[in-house]
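Taking the hints as your guide, dock the two standalone chains into a single complex.
Chain by chain, the residues:
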Amino acid sequence: MEIGLNHYLVLSTILFSIGLIGVMRRKNLLMLFFATEILLNAVNVGFAAISHYYGDLTGQMFAFFVIAIAASELAVGLGLLIVWHKRHGTIDLDTMTSMRG
Amino acid sequence: MFEAVAFYLFAFLTIAMFYITVTTAQALHALTALAAGMIFISAFFFILGADFLGAVQIIVYTGAVMALYAFGMMFFDTTREVKEKNGNKYIVTGLATLAAVLIVVIFVTPLVSTNMHAFYPMVEGAGNTQTVGLVLFTKYLIPFEVAAVMLLVAMVAGIVLAGKKMDLSLTLMDAKQIQEIEENDKKVLS
Numbered sequence: 001m002e003i004g005l006n007h008y009l010v011l012s013t014i015l016f017s018i019g020l021i022g023v024m025r026r027k028n029l030l031m032l033f034f035a036t037e038i039l040l041n042a043v044n045v046g047f048a049a050i051s052h053y054y055g056d057l058t059g060q061m062f063a064f065f066v067i068a069i070a071a072s073e074l075a076v077g078l079g080l081l082i083v084w085h086k087r088h089g090t091i092d093l094d095t096m097t098s099m100r101g
Numbered sequence: 102m103f104e105a106v107a108f109y110l111f112a113f114l115t116i117a118m119f120y121i122t123v124t125t126a127q128a129l130h131a132l133t134a135l136a137a138g139m140i141f142i143s144a145f146f147f148i149l150g151a152d153f154l155g156a157v158q159i160i161v162y163t164g165a166v167m168a169l170y171a172f173g174m175m176f177f178d179t180t181r182e183v184k185e186k187n188g189n190k191y192i193v194t195g196l197a198t199l200a201a202v203l204i205v206v207i208f209v210t211p212l213v214s215t216n217m218h219a220f221y222p223m224v225e226g227a228g229n230t231q232t233v234g235l236v237l238f239t240k241y242l243i244p245f246e247v248a249a250v251m252l253l254v255a256m257v258a259g260i261v262l263a264g265k266k267m268d269l270s271l272t273l274m275d276a277k278q279i280q281e282i283e284e285n286d287k288k289v290l291s
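Here the protein sequences line up with chains S and E, keeping their order. Note that the first sequence covers residues 1 to 101 in our numbering. Note that the second sequence covers residues 102 to 291 in our numbering.
FYI, nobody ran anything at the bench for these hints, they're computed from the structure. Computed from a predicted structure; not experimentally measured. Among these hints, one or two may not hold up.
Said to hold, decoys possible - In silico SDA-like links for lysine to any residue, alpha-carbon gap of 25 Å or less:
| hint | chain 1 | residue 1 | chain 2 | residue 2 |
| --- | --- | --- | --- | --- |
| 1 | S | Lys-27 | S | Ile-14 |
| 2 | E | Lys-265 | S | Ser-72 |
| 3 | E | Lys-265 | S | Val-83 |
| 4 | S | Lys-86 | E | Ile-279 |
| 5 | S | Lys-27 | S | Ala-70 |
| 6 | E | Lys-265 | E | Asp-286 |
| 7 | S | Lys-86 | E | Val-254 |
Next comes chain E alone, as it looks inside the complex (with noise of 0.2 Å):
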């Protein structure tokens, strides 16, 4: 029963805040939002069991991916209105058909793969996060090391990417100074 109350409640919050998401033409809305949902989201890991899941859900996006799209929306001033683009009809009717051909495959998906079995079955007695951590550093080691080393060459992708001429501070300089370093720019893209 209270399984139903929240699965509906948190159902209904979460469509409606990634609903607001795509829909609004304000990106500190759609940023607000956005969050709200992953919260939501978590929700659901925790009812399902998987409350490790849900911690790193919380942490990792409304912690990290939050903080760096803040800095994102602060960096490209997306406080005016976002254009959008409309009016393309193929595209609504392509993606309809794309919705509804999920929902079919959904449905039936459950029907067909009847004989499924669990592979790596949960152990009894342990918490969530026990057996995670034995799936984890057993079965899904390398998996995992290599989803370090991905991390890693993202980590110095993004700093080579947005490390450039961050020890200028456009604060610091004169309007003069500002104005030199545009032209240069200019001359060097160009």
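Bound conformation, chain S alone (with noise of 0.2 Å):
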């Protein structure tokens, strides 16, 4: 059996699914920026697909700048998540309400 463009594209589906699943139902932050990393996993696997299967490596020049992102908003997110737990000695979102409009 042939493995075609389609299964990586619905694999990548299914990978982002679990992520927003992750963002959606996580409280501790901790656990959000794992969600997050799922997503950004997810959509690598659809670029390096796409770069295979048409022979264009625009997809895996995408995919490299993702990791880059990835790897700076952990390191910006967790120096955050360290100052906010140095005051409040919590990282759960709730705690987070004090803008209530």
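Right, dumping it as structure tokens:
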């Protein structure tokens, strides 16, 4: 059985949906970061698959940039989380509702 | 044949690992499952012929990102069980609708765009790493430099945010000193 582009795209969708479920149901911000990493990885799989099946390197280039963005997002996010944890002693999302509209 | 076997095996493993990551109540289990899932994702890159991307995936994610997360876990004391929010029917419904729409779009998109053509085609007779270097340093040089500046900004931001009071070691002070520092912090922050 031949593995086509659609197989990879369906897999990418499933992984993205799992990441979305994680973003929706996680309360702890560290766990929320895990879910965002899953989202970025799912997109990377789609990029690499399209790059392979169309014989074009643009997809791989964008996957590299996505990896770079994921790394810097993590560095800044973890720094902010450390500051928050030092001030409030918790990293639950519910404690961050100080800006009620 | 072997490609199909490898694809289904790694697809199953990746989905299982990421499912554990988003559902488990133990932060340590989530971290371990996420690291395993990242390595299994790199297997897809190797199957797809993107060798350099697979190597970068292993180095960056399981090398750097996982080390940072492990540091964060030790810092935040996430050994206790993670509380979940559940029971919101609207969110579940919205999520299901979004996932369904995504699946439909992904099935339809290859049919719509059948006239896609390669913009930067792969070079014949050169390995993946060489072609990646050729394209990255000719067509994508400016984005590459911008990404470098972005990483520098992220590094400086991480040092500034996390490095405050890192010169004080809580393990080398006695309890009285730590209490004094905490009281000072409360005065400043309140």
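*Hey, Lys-27 (chain S) versus Ala-70 (chain S), does the alpha-carbon distance stay inside 25 Å?*
holds, 21 Å
*Are Lys-27 (chain S) and Ile-14 (chain S) close enough, with their CA atoms no more than 25 Å apart?*
Given pair Lys-27 (chain S), Ile-14 (chain S) holds - Cα atoms ~22 Å apart, limit 25 Å.
*Measure nothing beyond the straight line between the CA atoms of Lys-86 (chain S) and Val-254 (chain E); if it is 25 Å or shorter, mark the hint as holding.*
With Cα atoms ~23 Å apart, Lys-86 (chain S) and Val-254 (chain E) stay inside 25 Å; holds.
*Lys-86 (chain S) and Ile-279 (chain E): Cα distance at most 25 Å?*
holds, 14 Å
*Given the hinted pair Lys-265 (chain E) and Ser-72 (chain S), is their alpha-carbon gap at most 25 Å?*
Within the cut-off at roughly 19 Å; holds.
*Quick one, are Lys-265 (chain E) and Asp-286 (chain E) close enough, alpha carbons at most 25 Å?*
With a Cα-Cα distance of about 12 Å, the restraint between Lys-265 (chain E) and Asp-286 (chain E) holds, given a limit of 25 Å.
_Straight-line alpha-carbon gap Lys-265 (chain E) to Val-83 (chain S), limit 25 Å_ = Cα-Cα ~9 Å, so holds.
Comparing the model with each earlier hint shows no violations; every hint is respected.
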